[in-house]
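Starting from the given sequences, assemble the full structure and let the hints guide the process.
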Amino acid sequence: MNPVNLPVFILFLAAIYLLCIYGLLKIAEMQKPGSTIVSNTSKQRRNKIQTP
1 MNPVNLPVFI LFLAAIYLLC IYGLLKIAEM QKPGSTIVSN TSKQRRNKIQ TP
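Read left to right, the sequence shown gives residues 1 to 52 (my numbering).
Hints listed in this document are in silico derivations from the structure and should not be mistaken for laboratory results.
All values derive from a computational prediction rather than experimental measurement.
In this text, a Cβ means the ideal position worked out from N, Cα and C, and glycines have one as well.
It is possible that some hints are incorrect.
As the list claims (entries may be wrong) - Quick list of the computed label-pair ranges, beta carbon to beta carbon: (1) P3 to I27: 35 to 41 Å; (2) P33 to F9: 27 to 33 Å; (3) Q31 to I10: 39 to 45 Å; (4) K32 to N5: 39 to 45 Å; (5) N2 to M30: 38 to 44 Å; (6) P3 to K32: 42 to 48 Å; (7) A14 to G34: 30 to 36 Å.
Quick look at the structure:
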């Protein structure tokens with residue numbers, strides 16, 4: 001591997017790693033019962049007009 005490409009490759013892997021960790025933390029936060037994050041599905045359920 002070219003010595004110039006190695007730091008770029010490491011930075012690329014680090015960015016992907018951080019994105020994965022961020023996504024997993026957000027998923028875990030949404031799974032908590034007292035979460036302040038409202039998912040899109042619950043927003044859609046509240047916005048539906050209920051007809052008899």
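Structure-based check of all given hints:
Checked against the hint of 35 to 41 Å, the C-beta distance between P3 and I27 comes to roughly 38 Å, which is consistent with it. At roughly 41 Å, the beta carbons of P33 and F9 sit outside the given window of 27 to 33 Å. For Q31 paired with I10, a C-beta distance near 32 Å fails the hint of 39 to 45 Å. The beta-carbon spacing between K32 and N5, approximately 41 Å, falls within the hinted interval of 39 to 45 Å.
The supplied range of 38 to 44 Å is met by N2 and M30, whose beta-carbon atoms lie about 41 Å from each other. In this structure the hint that P3 and K32 lie 42 to 48 Å apart at CB holds, the actual value being about 45 Å. A14 and G34 have their C-beta atoms about 32 Å apart, which keeps the hinted 30 to 36 Å range intact.
Checked against the numbered hints above, the structure breaks hints 2 and 3 and satisfies the rest.
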